[in-house]
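Trainee: Chain by chain, the residues run as shown.
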Amino acid sequence: MHGPASTMSPTLPALLSVHDLVKHFPGERAWLGLGRPRNVVRAVDGVSFAIPPGQTLGLVGESGCGKSTTGRAILRLVEPDGGRVTLDGIDVLMLAPRELRALRRRMQIVFQDPYGSLNPRMTIRQMLAEPLVIHHIATGADAERRIAALLEEVGLNTGMARSYPHELSGGQRQRVGIARALSVEPEFLVLDEPVSALDVSVQAQVLNLLVELQERRGLTYLFIAHDLAVVKHIADQVAVMYLGKIVERAPAGALYAAPRHPYTTSLLSAVPVPDPQAQRNRIVLAGDVPSPVRPPAGCPFHPRCPHPKKNERCRTEPPALREVAPGQLAACHFAEEPL
Amino acid sequence: MTESPPLLRVRDLKTYFVTEHGSGTARAVDGVSFDVRPGETLGIVGESGCGKTVTSLSILRLIPEPPGHIRPGSFIEFEGRNILTLEPKELRAVRGNQIAMIFQEPMTSLNPVFTVGDQIAEAAIVHQHLSHAAARRRAIEMLQLVGIPDPEERVDHYPHQMSGGMRQRVMIAMALVCHPKLLIADEPTTALDVTIQAQILELLERLQAELGMAVMLITHDLGVVAGTTDRVVVMYAGQVVEQASTVELFARPLHPYTEGLLASVPRLDAPQQGRARGRLHSIPGQVPAATAWPDGCRFHPRCPYAWDRCRAEEPPLLESGAHTARCWLLAEPQRRSSPAPQP
Numbered sequence: 001m002h003g004p005a006s007t008m009s010p011t012l013p014a015l016l017s018v019h020d021l022v023k024h025f026p027g028e029r030a031w032l033g034l035g036r037p038r039n040v041v042r043a044v045d046g047v048s049f050a051i052p053p054g055q056t057l058g059l060v061g062e063s064g065c066g067k068s069t070t071g072r073a074i075l076r077l078v079e080p081d082g083g084r085v086t087l088d089g090i091d092v093l094m095l096a097p098r099e100l101r102a103l104r105r106r107m108q109i110v111f112q113d114p115y116g117s118l119n120p121r122m123t124i125r126q127m128l129a130e131p132l133v134i135h136h137i138a139t140g141a142d143a144e145r146r147i148a149a150l151l152e153e154v155g156l157n158t159g160m161a162r163s164y165p166h167e168l169s170g171g172q173r174q175r176v177g178i179a180r181a182l183s184v185e186p187e188f189l190v191l192d193e194p195v196s197a198l199d200v201s202v203q204a205q206v207l208n209l210l211v212e213l214q215e216r217r218g219l220t221y222l223f224i225a226h227d228l229a230v231v232k233h234i235a236d237q238v239a240v241m242y243l244g245k246i247v248e249r250a251p252a253g254a255l256y257a258a259p260r261h262p263y264t265t266s267l268l269s270a271v272p273v274p275d276p277q278a279q280r281n282r283i284v285l286a287g288d289v290p291s292p293v294r295p296p297a298g299c300p301f302h303p304r305c306p307h308p309k310k311n312e313r314c315r316t317e318p319p320a321l322r323e324v325a326p327g328q329l330a331a332c333h334f335a336e337e338p339l
Numbered sequence: 001m002t003e004s005p006p007l008l009r010v011r012d013l014k015t016y017f018v019t020e021h022g023s024g025t026a027r028a029v030d031g032v033s034f035d036v037r038p039g040e041t042l043g044i045v046g047e048s049g050c051g052k053t054v055t056s057l058s059i060l061r062l063i064p065e066p067p068g069h070i071r072p073g074s075f076i077e078f079e080g081r082n083i084l085t086l087e088p089k090e091l092r093a094v095r096g097n098q099i100a101m102i103f104q105e106p107m108t109s110l111n112p113v114f115t116v117g118d119q120i121a122e123a124a125i126v127h128q129h130l131s132h133a134a135a136r137r138r139a140i141e142m143l144q145l146v147g148i149p150d151p152e153e154r155v156d157h158y159p160h161q162m163s164g165g166m167r168q169r170v171m172i173a174m175a176l177v178c179h180p181k182l183l184i185a186d187e188p189t190t191a192l193d194v195t196i197q198a199q200i201l202e203l204l205e206r207l208q209a210e211l212g213m214a215v216m217l218i219t220h221d222l223g224v225v226a227g228t229t230d231r232v233v234v235m236y237a238g239q240v241v242e243q244a245s246t247v248e249l250f251a252r253p254l255h256p257y258t259e260g261l262l263a264s265v266p267r268l269d270a271p272q273q274g275r276a277r278g279r280l281h282s283i284p285g286q287v288p289a290a291t292a293w294p295d296g297c298r299f300h301p302r303c304p305y306a307w308d309r310c311r312a313e314e315p316p317l318l319e320s321g322a323h324t325a326r327c328w329l330l331a332e333p334q335r336r337s338s339p340a341p342q343p
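Here the protein sequences line up with chains A and B, keeping their order. The first sequence begins at 1 in our numbering and counts up one residue at a time. The second sequence begins at 1 in our numbering and counts up one residue at a time.
None of the hints are false.
If you want the ones that stay clear, here's a sample from chain B, every Cβ over 12 Å from chain A, calculated:
#: 1; residue: T19
#: 2; residue: E65
#: 3; residue: E90
#: 4; residue: R95
#: 5; residue: L110
#: 6; residue: T115
#: 7; residue: A133
#: 8; residue: L211
#: 9; residue: E313
#: 10; residue: S320
#: 11; residue: R335
Covered by chain A, according to a simulated footprint, are these stretches of chain B (three or more residues, beta-carbon under 8 Å):
#: 12; stretch: 156 to 167
#: 13; stretch: 196 to 209
Calculated from the model, a selection of chain B residues having no Cβ within reach of chain A, i.e. all distances over 12 Å:
#: 14; residue: Y16
#: 15; residue: G24
#: 16; residue: P38
#: 17; residue: P72
#: 18; residue: E87
#: 19; residue: F114
#: 20; residue: E122
#: 21; residue: Q128
#: 22; residue: E152
#: 23; residue: L317
The hints are simulated quantities; they were obtained by calculation from the structure and are not laboratory data. Even glycine gets a Cβ: it sits at the ideal position worked out from N, Cα and C.
Given the sequences, and given the hints that come with them, work out the whole structure.
Mentor: Now the structure itself:
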């Protein structure tokens, strides 16, 4: 994949493309909820990327950076305030509710917490049958056949169809979440921290399953995660978010080998490596992520930035996301002199 | 380091729980033994349900009874005294004073209606009989020690006014206010972002060096274990399955479970994967229920090497130099030859 001919596949038309996506949440209102909302949270603040068919973009960042909101805004599970999203050329944000429901057959989501996203009063069979009925895909014996095939495809025993979520382990529940997303035969999946709640050995099983499904069905993934090692394993392209903005986006090979944004470099250096003899220069960032209500002026990362050349310009002039190496974009005034 | 007597000795610890409908007994911790030496960092590593948290709660006698109970014959010795036979008053003199604990989720372990200063000062007032004014000064010192900016101001803040990383620092300040000899840290960074995790791990390392305390670090994260501990105890199904120095364990895992875990972790230091990316190694199946541990070796249903003996006979902890593992492969090493998972 990361051969010379396909760094970011600019020639391949994207299946999903996101341009300047914006989602602002109103903060608290003054005057007993009657005044104008103040303290707007800029959860997603101008995010753009494109994913070619059959590929995976890993969207990474720390809590509150806006990565989950981005995933939900693309599917219009939260309504974006601006930007443009197209799936296979269809303008997702312009669709009427009816058209949007039809398009949801082609784009689905898998959540982090499979327990919280499965109805505890429904059996696995009922949960898998529901989307088939809603989207007029199958009923009766045909539906049963499809459910059995789905369970088998995600590595569950078909006998499990009669179980309730509480009878399953975490890994099994996540397989059900994946089966439910797949039941309508989508082309595009948002995977929102799909393995974060799982134990290491089970996490590996589910990651392998996601890779197999992608190869078999030609699926396109937006893989949202905080774990950079997991993303390295699964993604073709990676976008790093900080305070609602993408600060670096590149083919996975380039991003991990030669990060250009000091935030990416710091994140990578902070990931613990399971090797006690690894020689590492860990960069420990000072302070917390600032509140997205009042992001810092200039470069949003400047208060925590460890770059030795950080200067007045960083404090006043927001850096644009620009191409600094073939296919590699970074929003840093010093991207040519990475850490 | 091997000369000094252990600070904590745990021998044959069994902590069982009666399940809700009386349908069985969960043998959550089932015969666990290990030592913590003064000043060292011991990692206790394992997946959910392996018994690592119940072990740590047992050491502080924090197991709710019923449904739980520590079985007769279990033995937990701290500086020569058996914690399990201490009177409540003697126990209180140890707990929070000489042995302190920090938990994964600081928000649920901090009291939302008291200021952080009051909560840090409490232990100093109770255990060291400081006056309120002196305890407040102590709380400010502790906030400074754990790297909280503007401690004079922060001392009067409530937990909800702080970020997750700040709250974990407050938890650490509370735990260390009496200068304990042993700090039990149960998944102290699991709920934190990776840049904040790096801050907290660095802080713990610095404080350990400054205060000379021993740390028992309970975690599922092999990366955290590799970077911070001197020795490691690996737990599976309520038992210790492997024990070694950290360098030795990662270089030469002996138990197939440890081997499988190490091979399952996606690694940042792995070579970049191409489109024909390899599969991660995964351990088939899942951890069995604590009410029905498998016969023989408890790992045998998931083990790629298992043979008849593993199904019938439970292996003891066998030694290989300073390294121990609960696996018959140590007695019959020629069996390791064929289906080996590649870490």
